[in-house]
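Asks: Taking the hints into account, I'd like the entire structure generated from these sequences.
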Amino acid sequence: MKKIHVLFVPLALAAVVAACGSTGRVKAEGEDQLVGDKRAGNLTYDELVQQSTTKLVQQASMQARAQGPYKVAFFGIETKGAEELRDQLPAIYEQIEEILVNSGPFVVLSRKAVDRARQEVGLRDFSDLFIAKNRDAFTGVMGRDSESPDVLVYGTTTTQTTESEGGWFSRDTKERRYSLSLEMIDAHTGTILSKVSGKQEIEYKK
Amino acid sequence: MAMKLLPRRRCVAAAALSVVAAACQAPDQRIAPFADAWGAADFGRAEEEIDELIAEEAGVEPALVTESHSLDEAIDPARGDTFLFLLEKSMTRLASNDTDAAIDLMRRGRDVLATRYVDSDVKGWLLSAVKDDTTLEYRGADYEHVLTPALLALVDLLEGGQDAYAYALQVGEVQETILGSTFGEDVDGEGNGYNPRKQYQRLAIGAYVEGLVREREGYSSEAFKAYERAREWGGAVPVVVEACERTTNGVYAAPQHGVVHVIRLAGRGPRLVQGRSPMTDAALFLANIGSLLIGENIGTLGQMQIPVPVVSSPDMNAPELEIRADGQVVGATSTLLDVGAVAAQQIEANMPWILARAAIRRTVKAVGAKAVQDAADRSNNDQGVGLLLGVLTNLALTAGEKADTRNWTSLPARFQVARLEMPEGAHDLDLGSGMHASVRVAAGKDSYVVVVQPDLSKAGVVLVDVYSSQPAPAAPETPAAPEAPRP
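So the sequences go chain by chain: A and B.
Residues 1 to 206 (the working numbering) make up the first sequence, in order.
Residues 207 to 693 (the working numbering) make up the second sequence, in order.
By construction, these hints were calculated from the structure, which means they are not laboratory data.
Computed from a prediction, not measured in an experiment: that's the story for all the values here.
There could be a bad hint or two in this list.
To be verified - Now the stretches of chain B that chain A is said to cover, found in silico as 3 or more residues with beta-carbon under 8 Å:
| hint | stretch |
| --- | --- |
| 1 | 363-376 |
| 2 | 414-425 |
| 3 | 640-653 |
Claimed, not checked - Here are the simulated SDA-like cross-link-like pairs (lysine to any residue), alpha carbons at most 25 Å apart as the crow flies:
| hint | chain 1 | residue 1 | chain 2 | residue 2 |
| --- | --- | --- | --- | --- |
| 4 | A | K38 | A | D172 |
| 5 | A | K205 | B | S387 |
| 6 | A | K80 | B | E382 |
| 7 | A | K71 | A | G190 |
| 8 | A | K174 | B | R435 |
| 9 | A | K206 | B | D392 |
| 10 | A | K71 | A | R116 |
| 11 | A | K206 | B | Y406 |
| 12 | A | K174 | B | R403 |
| 13 | A | K174 | B | H351 |
| 14 | A | K133 | B | S426 |
| 15 | A | K112 | B | S302 |
| 16 | B | K431 | A | T156 |
| 17 | A | K38 | B | A284 |
| 18 | A | K205 | B | L385 |
| 19 | A | K80 | B | V672 |
| 20 | A | K174 | B | E379 |
| 21 | A | K199 | B | E428 |
| 22 | A | K174 | B | T383 |
| 23 | A | K38 | B | Y323 |
| 24 | A | K133 | B | Y458 |
| 25 | A | K80 | B | I384 |
| 26 | A | K174 | B | I384 |
Cβ coordinates follow ideal geometry from the N, Cα and C atoms, glycine included.
Replies: So this is what it looks like as structure tokens:
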């Protein structure tokens, strides 16, 4: 009887350890996504991209539809908030491009070509696009590859944070508002064709 | 009787000595091969050494570490000290101009540091005092918590700076969290204690980078606020004083001029080595308050010198760098942050708690040794055996004590920065020691040059941001070599 006990303990321990190991599962469609406990996750960015890009397309399509498909150079998104976008960026870019392309009047130019042209003309900041010389240099390089854009799109993320200390029965709380604004400008004139934004607030408990 | 006991005593002594001898390598000895190679600017060897440590710590195949540049998902940064080694690895990647991997590795390190940050749980920290400090999870020195996002910001500038502002803000967030910590402040609920973090000084580097990014974007008033914070925290560093002046009364740059920021990671940063310290009154006071929480009484007698971490900073006085173009001096760096001094200040501020923990630990061990002695006395008529066993047990338990000398060794001794206004066009900057930077300066634009030079007597690595680096000249077409005649 004692021998059974002796064997049972390590087996039970092994079972517990095994149960604590890494696991993975495929989430069902429509199942709730995780909300990050320290910084924004997929849910936040998916929502922001969906909201703002859809608005952008709605605002810009009326004009665009009348004049045929426009070639869009998507410059990217810059961070003006407290959280870096780094590993979220490829997915965000894909989603924005997908919405733009599927909206009808836009075709999106290769992002690699856009990045290369930006580097070639030293176009680091999006605000550079409002200077004719910079736009001309950029469209010139893109045009050399027969891909001169008609419109340029870029985005900016910002965060606003409010913190409150917890009491005896509550934890410290941090509320953070995330926003993504997208701008579309005419590649030839630099005129802003459309500017929209989406917002989401997340509450973090420390 | 005495003759009979001798062999037994020898056995006990041998056992005790073997315990002492078995005390494994101190952390600073473990990292030494990497740190030495890094300090000699032998980046290839440093990377090999750190890869071995990562594989060992993360429990993965060395080939996986090397092939994936330590980025494979199977390498768990939270396992043991893996994240610390990943931070070291990030510097070797930076030295290889692999900024992408450097950023990913630093982010992994930063995320583990964030989860291990201890704000106010003094009791938990004291309860773990029975263990040697080196057996605890490494939580990162507070300056390492701050410098990780600071370095991320600098490296990100080389990639275009898309996230640089976010990282600069994180420096401020982390810094304020640390300085706002209540750790150790009120240990017994009656206001007794000591908060080491209240002794810290704020670091100017995050605010400077924040100002730099804002100024680049044309927001002079916001840039000024950030620079002013940098001045308040870092003192009258010439480059910061000039920045404050420029953003209030000046202009970004003269017409048709751009700005080159040279950021030099100069010299070998602080390394922790083991030293010894006597027990201090402040530490005993804290130990006695702490003992109320953990239910032990701290003995004040017989406290021998305690192994403690001591900061070694061989390049603490790294000289500034003079920068030349076309044979003319165009500027010199200013030290924005002296990492060695900050590390030393923080270690000193934390010393009372380090010693207090050691005092508590020794008390617990003494209680254990007394138990061994009592047990031996009960089973042996000779009182000497019990005493000897007690002394040897205590000796074995305390002789193996090691100071926690873990730290991020590849940090520089100093962060030095220079801001040069230069006419637009291509420039070759002479950075001394045979180092050059080919920079394409655009009017009204920033360019970034990062110099990684751990060995001040040798050339380091010079990195230029992707928007300012000169396009590589097209390789001349060489005629295909004639095929060798077959034998």
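Asks: Is it true that the CA of K205(A) sits at most 25 Å from the CA of S387(B)?
Replies: Since the Cα atoms of K205(A) and S387(B) sit roughly 17 Å apart, the hinted pair holds (cutoff 25 Å).
Asks: Within 25 Å, alpha carbon to alpha carbon, are K38(A) and Y323(B)?
Replies: With a Cα-Cα distance of about 13 Å, the restraint between K38(A) and Y323(B) holds, given a limit of 25 Å.
Asks: Taken at face value, is the distance from the CA of Y458(B) to the CA of K133(A) at most 25 Å?
Replies: Cα-Cα ~19 Å, so holds.
Asks: Does L385(B) lie within 25 Å of K205(A) when you go C-alpha to C-alpha?
Replies: holds, 20 Å
Asks: Given the hinted pair K431(B) and T156(A), is their alpha-carbon gap at most 25 Å?
Replies: At roughly 22 Å apart (the allowed maximum being 25 Å), T156(A) and K431(B) satisfy the hint.
Asks: Tell me if the straight-line CA distance from K174(A) to R435(B) falls inside 25 Å.
Replies: holds, 24 Å
Asks: Is the hinted pair K112(A) and S302(B) satisfied, with a Cα-Cα distance of at most 25 Å?
Replies: holds, 23 Å
Asks: Are the Cα positions of K174(A) and H351(B) separated by 25 Å at most?
Replies: holds, 20 Å
Asks: Is the hinted pair K199(A) and E428(B) satisfied, with a Cα-Cα distance of at most 25 Å?
Replies: Satisfied, since the Cα-Cα distance of roughly 24 Å is no more than 25 Å.
Asks: Please verify whether K206(A) and D392(B) have alpha carbons no more than 25 Å apart.
Replies: holds, 20 Å
Asks: Next pair to validate is K174(A) with R403(B); report whether the Cα-Cα distance is within 25 Å.
Replies: holds, 23 Å
Asks: Checking one constraint from the list: CA of K38(A) to CA of A284(B), max 25 Å. Satisfied?
Replies: With Cα atoms ~17 Å apart, K38(A) and A284(B) stay inside 25 Å; holds.
Violation of the numbered hints given earlier is absent; every hint is satisfied by the structure.
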